[in-house]
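Visitor: Sequence:
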Amino acid sequence: MSQLPLSLSLPPVYSEDNFYLSDCNRDAHRLITAWPHWPGHALLMYGPKGSGKTHLGQLWAGRAHALAWPAAGLDAMEYPLSFHCLIEDIERTRDERLLLHLFNHAREQGYSLLLTAAVTPQHLPFVLPDLTSRLLALPSVHITQPDDAVLAGAMRKQFADRQMKVGDDVIAYALPRMERSLGKVRELVERVDKSALAERKNVTVPFIRKLLEK
1 MSQLPLSLSL PPVYSEDNFY LSDCNRDAHR LITAWPHWPG HALLMYGPKG
51 SGKTHLGQLW AGRAHALAWP AAGLDAMEYP LSFHCLIEDI ERTRDERLLL
101 HLFNHAREQG YSLLLTAAVT PQHLPFVLPD LTSRLLALPS VHITQPDDAV
151 LAGAMRKQFA DRQMKVGDDV IAYALPRMER SLGKVRELVE RVDKSALAER
201 KNVTVPFIRK LLEK
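For the sequence shown, the working numbering gives the first residue as 1, with consecutive numbering after it.
Rather than coming from a laboratory, the hints here were simulated on the basis of the structure. Any given hint could turn out to be false.
[As the list claims (entries may be wrong)] The calculated lysine-lysine pairs, modelled on BS3-like cross-linking and capped at a C-alpha distance of 25 Å, are:
1. K214 <-> K165
2. K165 <-> K210
3. K184 <-> K157
4. K194 <-> K157
5. K157 <-> K210
6. K201 <-> K49
7. K184 <-> K201
8. K194 <-> K165
9. K201 <-> K157
10. K214 <-> K194
11. K214 <-> K201
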C-alpha cells in the first residue's frame with residue numbers, strides 16, 4: 001500500500017528570530033523597535049503586498065501588547081478602543097468615520113496605533129477631509145519589495161522549519177524564477193514539501209526546475 005502524503009500547512013511564525021533585516025525594511029524596523037518613543041501616537045507603515053508589513057506589525061503588537069485588527073473588520077470592532085492597536089490594510093476600511101473616531105480616541109486616551117497600507121499616504125482612497133489630513137500628517141515609513149537577502153533567508157528558514165535539507169544552489173535557482181514576495185516564498189516551500197514527499201525525492205535543482213515548469 002502506498003503512503004499518502006500529508007500536506008501540513010504550518011501557521012506563520014512572526015518573531016525577531018525569523019525576521020530578516022535588510023535595506024528594504026531597515027527604516028521600518030528601526031521605528032517599530034523605537035516604540036514607545038515615537039514622534040506621535042500613531043505610525044503609518046506602507047508597502048506592497050508581500051513586503052513584510054504583517055511580520056513587522058506583529059512584532060510591534062507583541063512589544064506593545066496591542067490588539068491586531070484587519071481594517072476590513074473595523075465595523076465589528078468594540079468601541080471605545082482601550083488598548084494599543086495594530087490596524088492592517090487601512091485602505092480596505094469600509095467605515096471611514098469609525099477609523100477617524102478610533103484615531104482621535106487613541107490620541108485622546110494615550111494609546112498607540114500602528115496602521116499599515118499597501119499604497120502611499122497620498123493614494124489612500126478616503127474622502128473624509130479630516131481623516132485624510134490626519135493620515136497625511138502622520139509619521140510614515142515605506143517598506144519596499146523584499147530583496148534577495150530577505151527572500152533567501154525566509155526560504156531557508158521555512159525549509160528548515162519543515163526539517164528539509166535544501167542546498168543554497170536550490171534557493172539561488174528558485175529566487176529569480178518566482179514572484180518576489182514573502183507570501184510566494186511560503187507558497188513555493190509548501191508546494192516543494194508536498195511534491196517531494198509525494199515523489200519521495202530530495203530537493204535538488206533539477207527537482208525545482210521540473211516543479212517550476214509545471
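Visitor: With reference to the structure, classify each hint as holding or not holding.
Guide: Hint check:
Only pairs whose Cα atoms come within 25 Å are accepted, and K214 paired with K165 is accepted, the gap being roughly 22 Å. With a C-alpha separation of about 18 Å, the suggested pairing of K165 with K210 holds against the 25 Å cut-off. Of the pairs offered as hints, the one joining K184 and K157 holds, with about 14 Å between alpha carbons and a cut-off of 25 Å not exceeded. Proposed proximity of K194 and K157 is supported: the alpha carbons are some 17 Å apart, at most 25 Å.
With a C-alpha separation of about 23 Å, the suggested pairing of K157 with K210 holds against the 25 Å cut-off. For the hint pairing K201 with K49, the CA-to-CA distance comes to about 33 Å; that exceeds 25 Å, so the pair is violated. Our distance criterion of 25 Å between C-alpha atoms is met by K184 and K201, whose separation comes to about 22 Å. At roughly 14 Å between alpha-carbon atoms, K194 and K165 fall within 25 Å of each other, so this suggested pair holds.
Simply put, K201 and K157 have alpha-carbon atoms about 20 Å apart, close enough for the 25 Å limit, and the pair holds. Distance restraint check for K214 and K194: the Cα-Cα separation of roughly 14 Å lies within the 25 Å cut-off, and the hinted pair is therefore satisfied. Only pairs whose Cα atoms come within 25 Å are accepted, and K214 paired with K201 is accepted, the gap being roughly 17 Å.
Hint 6 from the list above is the single one not met by this structure.
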